[in-house]
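Asks: Modelling step: build the complete structure from the supplied sequences, incorporating the hints.
Those sequence lines, one after another, are chains X and D. Just so you know, we're using this note's numbering here: the first sequence kicks off at 1 and counts up by one. Just so you know, we're using this note's numbering here: the second sequence kicks off at 1001 and counts up by one.
These are calculated hints, taken from the structure and not from any lab test. The structure displayed is predicted, hence computed values, not measured ones. Here a beta-carbon is modelled for each residue, glycine too, at the ideal position from N, C-alpha and C.
Some chain X residues near chain D, calculated using beta-carbon distances under 10 Å:
1. VAL55
2. CYS103
3. LEU113
4. ALA114
5. LEU118
6. VAL121
7. VAL248
8. TYR294
9. LYS297
10. ALA298
11. VAL302
12. PHE303
13. LEU306
14. ARG312
15. PHE313
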Amino acid sequence: MLKTGWLPLLIATALMALLPLFVTNDYYLHLIILTLMWVVIGSAWNLLAGYTGQVSFGDAAFFGCGAYTAGLLTTHLGWSAWWGLALGGITATLIAFPFGWICFRLRGAYFALATLALNEVMRHIATIWESFTQGMVGIMIMQTFISKLPYYYIALALAAGSVALVKLVMASKLGYYFISIREDQDAAESIGVDTHFYKMVSLGIAAALTGVAGALYMNYMGFIDPHVVFSLHDISIMAILVGIVGGVGTIYGPTVGAFIMVLTQEMFRTGAFGYLEAGAKAVDWQWLITATGYVTKAHILVFGVLVVMVIRFMPNGVAGDFPKLFRLFSTGRKTA
Amino acid sequence: MDLFLQTLVSGFLKGGLYALIGMGMTLIMGVMGIINLAHGQIMMVSMYLTYSLFTLLGIDPYLSLFLGAPVIFTLGLLIQQHLLNPLLRVETILPENQVLMTVGIGMVLTEIMRFIFSSDFKSVKTPYSNATIFWGEISFSVPLMIDFAIAVALTAALFFFLVKTDLGRSIRATAQDRTAASLMGVDTERITYITFGIGSALAAAAGTLLMPIFYLYPDMGGPFTRKAFVICILGGLGSTVGAIFGGITLGLAEAFGATYVGMEYEDMIGLVIFLLVLLFLPGGFRWLTKA
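Replies: Pasting the structure below:
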């Protein structure tokens, strides 16, 4: 009894499941695994910010929580880090609940700032509490699989699962409550929606998903330290950008955003995966080699400019402003 | 007792500089209603400007205050005009889009500076950088005292500007009620440019003043942005008088935290105060000032 709305997700998942047949290069698989992880985080952020209207600047707090749960289970109890996939989400939710209970009386930008502070507090705790978290040294574990394929399928399952979860939630009554809070909190309250409770539910789901993504990261990378997993820029801001670039408040927006962001970031970092330089050498264009050198050196700058441009010209993201983009290109073709 | 007094003095002096940083941010917050998360980065740019003027032309950091601030004022003006204001005119789901834009701007500024100056730590060594005056057992850092005096002078100038001049009155009117102000014939659009410019110039001044005593690296913007909004929240968002109290409170809290709790907790203390104030004293110190 699947409605047609599920079709894109099913097709995309099926295609992605077949992808490793064609992509055997470990490096590209690695990129796609990371992208799938970002789909999970982006979807979680989108549920909280895009649908419930509570912008979080501190997703890294939950991400790091999940990652540290997985890591600490291994180092302290000798359990497999895979337990983190379940428990990491739970720990993140346990952190999120008291925080949300206290901080959801704050609105808009105030709440965003509180999450930012939570992010920083968690990072400081992980750094200072050396006896428990090994501080700056970080945690290193043995990876379970040598091949990237198992990680790929686990990440794919998580990504598809989280998109499906967001879709399910948004199709249910819960989703309408969330949107009512985003649109007008006071009005929602006046018709009897317990806004505080539903914001907590939204935060809980988002935190759990982000925590799971963190645990996956620990398992996959085998190494974490406070600056990596509680990073404001690399995790929290990136989560926001994935949501914004893809499209806030759309089901597939974060998925699109994750692919765009991870791949462009990587493309600038490596100079179109090294092809730009190789191509320039082949045709012997010295200026292109020099230009590539500058781009790879300033890849974060180029990335930042991209972000500014997207927010400036496509404030609703690629998925949200898709009609606009489409018009732009189709009219462009007509005039050409 | 000496330790206590010493901590008090250094915390207070640092607080004066913090107040300057916070005031710029709170001004922007009051007029535009957005939190400028690129504030620390703008300060960092000004510090690199000061550094370049010093190393290339040998201009004393305190003199470059007069050169750097106008440049950064223009930068702020352009950012507001071309990047932030256009966002107001489009219909979006998230009202926080402007805040996110400032995050992007901060990122770009950081990376431009990293591209030009690399990630190395830089500092300006002046003859007075390490000068201290002793009063009994308590030491007073000379550059910090000069900084404090200049910060007080700039604050006074800002107040004079806001209270006495026409432009200042328009800024205050826009902050109080944008619609009413525009009905009274205030070009609120222009006011937002100017306010962002002034806010940036204040951050720039703080950065320049910090230069003789602090080291410089591209990533320093983030921590200072965080400090700035802690100050804003402490002082009550949008209250310039509050920002002074907020700045001094943060300076003192950090100094006492570092002395009596431990150096590594210095940053965390600011954040914990921030969360506590946010929760239990949402207006910050605004009740002190009624403003």
